[in-house]
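Start from the sequences and build out the full structure, keeping to the hints where you can.
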Amino acid sequence: MGITIGIQCLEIEEISICDGMFCYLVDFVDVKEKMNYCLMWFGYFPSQVWSLVRRFDQPQKYKPFVSRCIMQGDLGIGSVREVNVKSGLPATTSTERLEQLDDEEHILGIRIVGGDHRLRNYSSIITVHPEVIDGRPSTMVIESFVVDVPDGNTRDETCYFVEALIRCNLSSLADVSERMAVQGRTDPINH
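Position 146 (the sequence shown) corresponds to 146 in my numbering; numbering is contiguous.
Label pairs and their computed distance ranges (CB to CB):
| hint | residue 1 | residue 2 | range |
| --- | --- | --- | --- |
| 1 | Pro64 | Ile142 | 18 to 24 Å |
| 2 | Pro130 | Gly78 | 27 to 33 Å |
| 3 | Ser47 | Gly88 | 28 to 34 Å |
| 4 | Ser67 | Arg155 | 26 to 32 Å |
| 5 | Asn121 | Gly76 | 21 to 27 Å |
Worth flagging that the hints you see were computed from the coordinates, not collected in a lab.
Cβ atoms here follow ideal geometry from the backbone N, Cα and C, with glycine treated the same way.
This is the structure we're talking about:
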C-alpha cells in the first residue's frame, strides 16, 4: 500500500521541505502574474499516477470538482475539453486546450481558453517523476501554473484559491492512485 506525504505551498523566501513536500512561488516582472510550483510525493509507481494525470479527456477521474468533461478533438495537442464544475465553486464551466502531452517524459500542459470563471490566462503544467523513498519506488508530482490576477483580487488571494484547488486535486490523485495500487491496476494508456 502506498503513502501520501503532506502537501503545502510556501513563499519562495520560505523554501524548505515541510512534511516531505514543498512549494515555492516565483514572481515575474508583470505583477499581474505569478507562477507557482506545487510538489507532492507519494508512494506509488509513476505509471499508476501518470495513467490518471494524462487523461485529458477524463479529469473527473481524480479532480473532485469536475462533474463532466466533453471533448472536442482526437486527444492530440490542440484538442479542447469543456469541463463542468460542481457547485460550490465560483464557476460553472471551463474550456481548456491541451498544450502538451508527453508520455515519455510524463508532462501534461493545459491552457484555459474560456468558460464561466475568473481564471484568465491560466496555464498549468503537471509533471510526474519517479523517486525512491526509503528504498521503495515512489512518485513526485509537480504542478506549476501561471494566472492573471483578476480585478478586485490580490495576487495572494488568487494564488491561495488556485493552490487550494491544486491541493484538493493532488490529494484526490493520491487517493485514487492508492485504490488503483490496492487493486493492482493502472488505467490503460491509449495513444
